[in-house]
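Asker: Take a look at the letters that make up each chain.
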Amino acid sequence: MQLVLFWVFAILMLLFAGAVVLLRNPVSSALSLVMSFVSLAALFITLEAFFIGVVQVLVYAGAVMVLFLFIIMLLNLRNEETRRLNLGAWAGGGLVVIAFVGLLVKVIFSFPGFAFAKPPLVNPQVSDVALVGETLFRDFSFPFQVVGILLLVSTVGVVLLSKKELK
Amino acid sequence: MTPTLAHYLLVSGLLFTIGLAGVLLRRNILIIFMCLELMLNAANLSLVAFSRFNITAQATALQGTVNYNGQILVFFIITVAAAEVAIGLAIIVALFRARQTTHVEDLNSLKF
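Protein chains in written order, with our numbering: chain A, 239 to 405; chain B, 322 to 433.
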């Protein structure tokens with residue numbers, strides 16, 4: 239059952255990710271990306287990472303993709319006109335991708351990962367969010383505050399970048 | 322039957338490959354940016370998979386739970402990616418204002 243659900247969401251995720259690359263309209267690409275992120279959140283749930291799954295939907299499928307769609311609407315992009323394909327770039331890109339997939343398959347099948355079943359959790363009643371929070375604030379409280387400063391800096395940077403003229 | 326570690330790594334690698342193909346093959350700078358997000362998410366999937374398949378063995382309060390360090394790293398990656406998207410889209414808007422295009426082949430000079 240779990241394997242069936244895993245494959246359903248994995249194939250959905252990969253199909254929508256492929257649609258992002260293949261569709262010509264930027265709005266369709268962005269909406270496919272939303273579906274891909276939601277399927278990825280489902281994969282996180284199959285790994286019992288409930289907090290990360292919810293954050294994935296809220297932050298990625300929610301905030302980040304709304305920003306993307308907003309910018310696409312703002313720039314008023316139409317369907318990409320078909321241009322002459324740059325054959326050299328396509329051949330080079332295809333070669334790199336094929337080589338990467340070959341390497342991936344070789345590595346995945348050369349280590350005994352398929353025999354590595356999911357270890358059972360000792361106490362599945364403990365809340366996932368509570369344990370993430372405990373780890374975050376006990377072991378990683380300094381990086382957490384650094385990330386807060388990073389977000390502040392990026393907010394200021396965006397405001398500065400979107401000014402009409404810098405004075 | 323439950324999915325094993327290799328299943329997750331395979332799917333994560335394939336997702337990364339799709340993102341890489343998009344960055345190499347597409348010419349719209351917004352689509353390239355979306356494909357960068359796909360690659361970040363592929364890394365997130367493998368990190369969460371490693372975290373789930375690595376049960377904490379030390380006799381602490383967290384014994385028997387999954388290793389949460391991987392999930393914390395994913396949390397930070399998502400935060401940094403949100404900041405990165407905000408900055409990147411602001412740069413793309415500024416670029417569009419100056420040149421009226423999002424096609425990378427039209428953006429071939431550093432100073433304009």
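If you are wondering where the hints come from, they were derived from the structure by calculation, not from laboratory data. Each residue gets a CB set at the ideal place from its N, CA and C atoms; glycine is no exception. Hints may be right or wrong, so weigh each one.
[What the hints assert, rightly or not] Which bits of chain B does chain A cover? Going by a derived footprint, with three or more residues having C-beta under 8 Å, they are:
#1 359-372
#2 402-408
[Claimed, not checked] Residues from chain A shown here face chain B by an in silico Cβ test under 10 Å; the list is partial:
#3 Pro-264
#4 Met-273
#5 Ala-287
#6 Gly-291
#7 Phe-308
#8 Phe-338
#9 Lys-356
#10 Asp-366
#11 Thr-393
#12 Gly-395
#13 Val-397
Asker: Does Ala-287 (chain A) hold up as a contact with chain B if the rule is Cβ-Cβ below 10 Å?
Answerer: With a minimum Cβ separation of about 5 Å from chain B (threshold 10 Å), the hint on Ala-287 (chain A) holds.
Asker: Can we keep the Phe-338 (chain A) interface hint, with Cβ of chain B closer than 10 Å?
Answerer: Hint on Phe-338 (chain A): holds, closest Cβ of chain B at ~5 Å, below 10 Å.
Asker: Using Cβ atoms only, decide whether Thr-393 (chain A) comes closer than 10 Å to chain B, and label the hint accordingly.
Answerer: holds, 7 Å
Asker: Tell me if the interface restraint on Phe-308 (chain A) is satisfied: Cβ within less than 10 Å of some Cβ in chain B.
Answerer: Holds, about 8 Å.
Asker: Against chain B, with CB atoms and a cut of 10 Å, does the hint on Gly-395 (chain A) hold up?
Answerer: holds, 6 Å
Asker: Between the segment 402-408 of chain B and chain A, are there enough contacts, at least three residues with CB-CB distance under 8 Å, for the coverage claim to hold?
Answerer: As far as the segment 402-408 of chain B goes, the hint holds, because 7 residues have Cβ atoms under 8 Å from chain A.
Asker: Would you check whether Met-273 (chain A) satisfies its interface hint, that is, whether its CB is within less than 10 Å of any CB in chain B?
Answerer: violated, 12 Å
Asker: Against chain A, does the segment 359-372 of chain B show at least 3 residues with beta-carbon separation below 8 Å?
Answerer: Our answer is that it holds, as 7 residues pass the Cβ test (under 8 Å) against chain A, meeting three.
Asker: With a cut-off of 10 Å, does the beta carbon of Lys-356 (chain A) approach a beta carbon of chain B closely enough for the hint to hold?
Answerer: holds, 5 Å
Asker: Against chain B, with CB atoms and a cut of 10 Å, does the hint on Gly-291 (chain A) hold up?
Answerer: Status holds, d = 9 Å.
Asker: Would the hint on Val-397 (chain A) be counted as holding, given a Cβ-Cβ threshold of 10 Å to chain B?
Answerer: holds, 9 Å
Asker: Per the CB criterion, is Asp-366 (chain A) less than 10 Å away from chain B?
Answerer: holds, 9 Å
Comparing the model with each earlier hint shows a violation of hint 4 alone; every other hint is respected.
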